[in-house]
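Please work from the sequences and hints to get the whole structure.
For reference, the chains in residue letters:
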Amino acid sequence: MKRTPNPAAGVTATNKVAQGYTLLEMLISLLILAIVTGAVFEQINAMQKKSSAEAMKLDLNQQAREFLDQTVRDLHMAGYPSASMYSNPLSSPSKVAAGLVLVSPTQILLEGDVNNDGNVYSVNIYYKASDPGDPNCPCVRRSAVGKVDADSFSQPTSLVYTETEHVFPPGTASGQSGEDLFAYYDQNGNAVDVGSGVDISTPAGKDVITAIKTVKINLSLLTNQRDPESGGFARTSMSATSRLNY
Amino acid sequence: MAKNLVKTQGRKERGMALLLALFALLLLSAIGLFMVLSSDTETRIDANYASSLRSYYAARSGLEEIRDRIKYPSSSPGGLADLLPQDIPGNPGGVLYVLNPAGGETVDPTDAGSPYFDDQLCHDYNSGAVAGDAKCTVVPSTPNWMLPAQYSAAAGTPLGYKWIRISMKTNRAVQPNYCVDQSCLTAPLDTRVCWDGQAEQLSPGGANPSCDANGMQTVYMLTSLAASAQSGGPNGSRKLLRFEVVAPSIRPPGALTMGAASAMPVLGSTGIPAIALDGRPHTLDGALATSASCSAIAPLATDSVTGSAQLEQALDLVRKNIVDKANSSCKADGTGQNGNSCTPGLWWVRGTNSATRFITSGSGTSGTSGSGTSDGSSSGSGDGGSSGSDGGHDGDGGHDHHDPTGIADSSACDPANSACYTNLDLSAPELFATSAVTGVNIPAVTVPSDRIAPFTGGLGNQADASIYQPGSSDVVNNGIKAVSNLVSTSIDQPNYYAVSSSALAPSYGTSSDPAVVVITDSTLSLQNNAVLSGYGVLVIPGALEINDATLNWNGIVVVKSSTGHVTINSGAKGSINGVLLVQPGAALNLQNSATSFRLTYSCEAIDLPFGSKPFKIISTAETSY
Chain Z
1 MKRTPNPAAG VTATNKVAQG YTLLEMLISL LILAIVTGAV FEQINAMQKK SSAEAMKLDL
61 NQQAREFLDQ TVRDLHMAGY PSASMYSNPL SSPSKVAAGL VLVSPTQILL EGDVNNDGNV
121 YSVNIYYKAS DPGDPNCPCV RRSAVGKVDA DSFSQPTSLV YTETEHVFPP GTASGQSGED
181 LFAYYDQNGN AVDVGSGVDI STPAGKDVIT AIKTVKINLS LLTNQRDPES GGFARTSMSA
241 TSRLNY
Chain C
1 MAKNLVKTQG RKERGMALLL ALFALLLLSA IGLFMVLSSD TETRIDANYA SSLRSYYAAR
61 SGLEEIRDRI KYPSSSPGGL ADLLPQDIPG NPGGVLYVLN PAGGETVDPT DAGSPYFDDQ
121 LCHDYNSGAV AGDAKCTVVP STPNWMLPAQ YSAAAGTPLG YKWIRISMKT NRAVQPNYCV
181 DQSCLTAPLD TRVCWDGQAE QLSPGGANPS CDANGMQTVY MLTSLAASAQ SGGPNGSRKL
241 LRFEVVAPSI RPPGALTMGA ASAMPVLGST GIPAIALDGR PHTLDGALAT SASCSAIAPL
301 ATDSVTGSAQ LEQALDLVRK NIVDKANSSC KADGTGQNGN SCTPGLWWVR GTNSATRFIT
361 SGSGTSGTSG SGTSDGSSSG SGDGGSSGSD GGHDGDGGHD HHDPTGIADS SACDPANSAC
421 YTNLDLSAPE LFATSAVTGV NIPAVTVPSD RIAPFTGGLG NQADASIYQP GSSDVVNNGI
481 KAVSNLVSTS IDQPNYYAVS SSALAPSYGT SSDPAVVVIT DSTLSLQNNA VLSGYGVLVI
541 PGALEINDAT LNWNGIVVVK SSTGHVTINS GAKGSINGVL LVQPGAALNL QNSATSFRLT
601 YSCEAIDLPF GSKPFKIIST AETSY
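As you go down the protein sequences, you meet chains Z and C in turn. Quick note, the first sequence lines up with residues 1 to 246 if you use my numbering. Quick note, the second sequence lines up with residues 1 to 625 if you use my numbering.
I should point out that these hints are in silico values taken from the structure, not numbers from a laboratory. Be aware that a few hints might be false.
[As the list claims (entries may be wrong)] Think about it this way: if two alpha-carbon atoms lie no more than 20 Å apart in a straight line, the pair counts; the simulated EDC-like pairs of lysine to aspartate or glutamate are: (1) LYS128(Z) / ASP151(Z); (2) LYS128(Z) / ASP117(Z); (3) LYS71(C) / ASP513(C); (4) LYS135(C) / GLU105(C); (5) LYS57(Z) / ASP513(C); (6) LYS206(Z) / GLU179(Z); (7) LYS71(C) / ASP46(C); (8) LYS206(Z) / GLU165(Z); (9) LYS57(Z) / GLU163(Z); (10) LYS213(Z) / GLU64(C); (11) LYS616(C) / ASP151(Z); (12) LYS213(Z) / ASP108(C); (13) LYS616(C) / ASP82(C); (14) LYS135(C) / ASP119(C); (15) LYS573(C) / ASP285(C); (16) LYS49(Z) / GLU66(Z); (17) LYS481(C) / GLU163(Z); (18) LYS213(Z) / ASP180(Z); (19) LYS50(Z) / ASP285(C); (20) LYS57(Z) / GLU165(Z); (21) LYS135(C) / ASP117(Z); (22) LYS71(C) / ASP82(C); (23) LYS57(Z) / ASP40(C); (24) LYS213(Z) / ASP227(Z).
The following block contains the structure:
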């Protein structure tokens, strides 16, 4: 059928309408659509992977930051209230915070009014390399229990703790993060060597702990799932420094 | 018809491309929005963390600034030492604020409508507020409860604190959990908290509750508020930090502070001692301070019951010797007898009545002085002359005698009798009178303008008011330890001298550059008209002896050996203006024949060698306000 050009509608439009879709046009269109759609979904997929990876990293960051915040707050309150705030501190040891009780590259045991509620707590922050019942380890745990009238090493053990999961093993050996979880410094900024750990039960240990004025916390965490983008485990490292107040 | 056809044809031509494009755009927008939100959350977390840290260190920087400034008097730039509260919070002048407003900002911690209102203060005074974390809404109603506010010396710098409050610590400030006595019940909550050199103690109260009147330092609380610029906004944070601080110096309980001696102390031999111990505050040049920054203390102090008993016995022996000397040397008209001369001071002790004012033995009672005096001239019934009057001085007017040895002396007079020699007041400046004319019962005497007396100063807390015994049994050791710490930190400094007693220079240190002098051999024996003077700390490992020589020391003299001694003998001249600390166990021998040696208390001189040291931080806490 031949159409007569209509001057009012325009020749071109009339011709295109009249032409319709050929199979070839359809295939080309589908091809282009597939390419465009594929490209779009490729980007979406990448975005999703990126988003997922970033969410995991964000979670890591938050975990790390929460741990650092909490530990810094604990260290700020370590040793408060001290024995020198009482005329007779021996009459009620539960009201006296000893400050740092035990320190090691992977553990701090301290006493202080960490909740600011008028009670002294024995706070234990330690690295746990593995726990058969806990797939989230290596991890760092923090427990706090109200101090009782006993010496600092005879405080009750709390079964409740908070946990920072999937910690990259701290230390300087191969396969470790390259830094200890806790590093200690004296008033001049020089590192204090605590070896594998010291406590206040001996005069020598007490001297070492007395010299500590600043604690640096180095935390590295790994994601618990592979990064969908890189295929590896994402790692976040964060550190904070806390000056002791006693 | 043609127009309709075109429209129809156009719709058909639109296809799926637009939909797909819109869908893709929507999806990308959603992803982008999610990422922006995530990023924003992360940014906010970072901002909050940074804000919190900034506020913490801003508050801390303020505390450190004030901790430094309170070392210096206001005559020094930024100094606050003489502006510190002298009373507890809630009382007039009990609070000092140091403000640090940012440019164009108003910081008023007393304005309840201000974001920087001091909402913690009500827990530090008797406001009726329930102890705990409840925020305050009021300030004290007492007129002038606040001293004139001071300002940060670091104005214009980034130190971001808003204000620092300086106030004395009381038990109330740490109730209900951390009272100094733990129970919060052994003393009123507004009892001042003091520092004995080792631990906090509640002030024993009494006539003068000031810590320095009781051999201790005042504990101050520095409270700092810092708030980030966005306070109240999304990234704002507030931090309230507190320091408990105490001055680095010492406040001894007595001008001569000692532990129990290895032998009975000798504070004089015959007659009125020439030596004088004065616990009133003196200036650096040894003059009586007219506006002292510290309280008067007792002339003698010890940290043990045994030491107090020894000192009481020694003082009673001084009294007995004076009365014996007066009664044997003076007649009622002030003339001498028995070949002795009657000095104005001895006449004042003897009195102008036929009966002597004081007796040293027998059972006579007031008004009927017994005979037992050595000259035998005042036997028989008196006329009430044994009044035991204190002559108008500002001392304690005698004391209740008890025998510190526990051995009854059948010949001793009854201390309840005001005529008994034990009631002679050794803080009476009349003992050092320079002239006298007869009077009713006692002669009218002229005393030196500085009203010095053998043993004078603030009131002690023992039966003999010349003696103070602090509640803490470590006060002497704590004082010596504080001085030892100062000495150890001075080693290798230009003002540190470790010197043999045989190689002493005539003088060490100045008032502006005090010295730390440590004698390297055991005994510092000054004799043969030797002269040693100085400012600062003089540490003697074993014994101090002054024989026909002069010691003029402004500051702290420490005798550190428990087997050593302090002997101030015939011909000793000069003074120790500050404090003499004697290790428990060391013997004390202040002979009567010493000529005009003075031991005067001066907190100014004591503080001198500690001048460059910062206030000690007893505790630090971050409070939840």
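- Message: Let me make sure I understand: some of the numbered hints might not hold for this structure. Which ones are they, in numerical order?
- Response: When the structure is compared with the hints, numbers 1, 2, 4, 5, 6, 7, 8, 11, 12, 16, 17, 19 and 24 turn out to be violated.
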